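Residue numbers (my numbering), protein chains in the order written: chain U, 2 to 318; chain D, 224 to 562.
Everything labelled a hint here was simulated from the structure, so no lab data went into it.
Keep in mind that a hint or two might mislead.
To spell it out: a stretch of chain U is covered by chain D in this simulated footprint if at least three of its residues, at any positions, have a beta carbon under 8 Å from a beta carbon of chain D; those stretches are [to be verified]:
1. 58-64
2. 162-175
Away from chain D, derived, C-beta distances all over 12 Å, residues of chain U [what the hints assert, rightly or not]:
3. Gly-67
4. Asp-69
5. Asn-142
6. Pro-148
7. Leu-150
8. Ser-192
9. Arg-199
10. Ile-248
11. Lys-266
12. Ile-275
This structure is a prediction, so every number in the text was calculated from the model and none was measured.
We put the beta carbon where it would ideally sit given N, CA and C, even for glycine.
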Amino acid sequence: MSGVSGTSIPEAGIRFLRSVRAAVESGVDPIVAVEAASADLPKSLRDGIDRMARRLRGDYYEDEWGFDEEFAEGAYPFFELLYDHWWRVETTGVEHVPAHGRAMLVSNHAGSLFPFDASMITGAIMKRHPLPRWPRFMVLNWAFSLPYLSAFMRKVGGVPASPHNATRILEDDGLMMVFPEGVKGTGKPFSERYRLQRFGRGGFVEIALQTGSPIVPIAVVGSEEIYPMLGDSRALAKLIGAPFAPITPTFPWLGPLGLIPLPSKWRIEFCEPIDVSGLGPEAADDRRIVFEISEQVRETIQAKLLENLVKRGSAFV
Amino acid sequence: MSGGRRILIAGIGNMWGTMLARRLARDPRVEQVIGIDTTLPDVDLERTELLEADIRSPVMARLVPATEADTLVHTGILWYPEEGKPARALHDINVIGTLQLLAAAERSPTIERVILRGSAAIYGCEPAGPSFFTEEMARSFPLRTRFQRDVGELEGYFENFARRHPRLTCCMLRYQPEIGAGLQVPLSRYLSLPVVPVQLGFDPRLQLVHADDATEALVEATMNPVRGAVNIAPSGSISLSRALRVIGATELPIPHPLFGPALARLGRSLGTGALYGDAVRLLRYGRGVDNRRMREDLGFTPRFDAAAAIEDFARHSTSRRLAPLPGVAGILEGLGRMR
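Next up, chain U with everything else stripped away, as it sits in the complex (with noise of 0.2 Å):
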């Protein structure tokens, strides 16, 4: 085997290919003869080949929920660009999300065409968590219905918004990421922008003093503004089942262009947790309690989402 250090990675591929070539050409079988060449290639492109090949023998691991983490992995560059460069993310307080066991991560929830902010918070957890790990996130039910993106979504670590789902998840000392606003917090419009929705019933609240969770909540600014909707066309809506049609300054307009988000900064704050294991799980059924719990994580998301709208200043630079 010769040494390859010295030599880039366009030109061993170049010499790779010729050998296979020559071999070829000389009646070596095709398959022994990129395995004689490949001998020469660098070793992290063989690693990255032999990764390919395993996975193609279906030689690699998810999880009961579908979970594929070398999946993740494999799309995370593609997310952290966008944390890094595009949206600029500056995180503050991820230590409050414990690194042991079980808890609820709450968040507000925008970005009408697609909302990123799930992959966002994501994405600060496992770059500036000391001791990172995969949450999961419960996703809009009616994206499990559809094509690609079902499948997408569960890889990465989506589950469908069934409290069921988020009970196992505690019960199994995961992070579950929920977003109670749901639908009304995505579909709402620019001009209502970081005003917190409805809490839903505070089902939220329900599982988390059930399971003993701890509640993280989270403040997001900037996903508001990756895709302002300006208006929303309840007739495309219908036609396609969906929960609203978003129409923004880009988008039906400019076609596929028109998906791009627009580069807002953005800001997450961790804030910290609210131990609930005290309250035991017959609190679940006091509507009083899960009541004041909600309102409780709501005001805090609210109060840290204007303290860091004034941190942020302008938008987009």
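Given the coordinates of chain U, assemble chain D onto it according to the supplied hints.
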């Protein structure tokens, strides 16, 4: 051997009934096995008596008490048409047959336990559903297919029956679809195709019960039934795309609105048989069920988890395969071996 169980198997003619009879014939806890079906299996088993009868006929009301059985296992609920059992007869066999059988059990003073081998299809295949249905979550979605409605109806009768006879232990087994090399069921045949049609952009989560586990779970439930419904499923889940890679089949993506019709047409010529209507939804949205009740209450731990069941299927499958193409997969595999 006195004091052993006297077990009546309704539907002994199909593979699950036959496999159960085979296992029970070797079991020292069993005194006698009596099998009833319209077509009897060609087996000669110790301590096993075979009776040719149709569970839908009124004869059952005299036949069942006469067997003096203490355990009744119904394995004759059919998921898809078989030879001699066309699609339009399924409702009759599944619903009316079960109803007659329960009526006969009612008249039999010796019966103590009734076990039905049912289906997890009652939960449906729902994109918005919980990723793991527990036993209480039946009927949380509308019953969409004919088979689902049949299962819903017969479960309703069975629950009613159990309520009226608190003395009896009534156990409903909700099976996820089975898989096994050489198993003559549509889903196994589908996965044995060299080129497998899939629905473009969909990658469902599946839980397929290994055929050995399917039989062992039935033995366990027959010998020690619990009251109420129990999901029979492997732990974990596997995506269809990964399953096909493990098996070594090539995917043929078809836009999902065309998948059902295409498969109905292709199925006959490819020898997969018609995939039952539920399978189209199963292969789009998938279905997972929770198996805690099976492991903890029934006390049965499957030998294969969802991925292992597929791996075992791939190992033992002798299906037609395309010759290994010198394609990307082969080349990359060769490269992988280099290190």
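(request) Hint by hint, work out which the structure violates, then give me just those numbers in ascending order. (result) 3, 4, 5, 6 and 7
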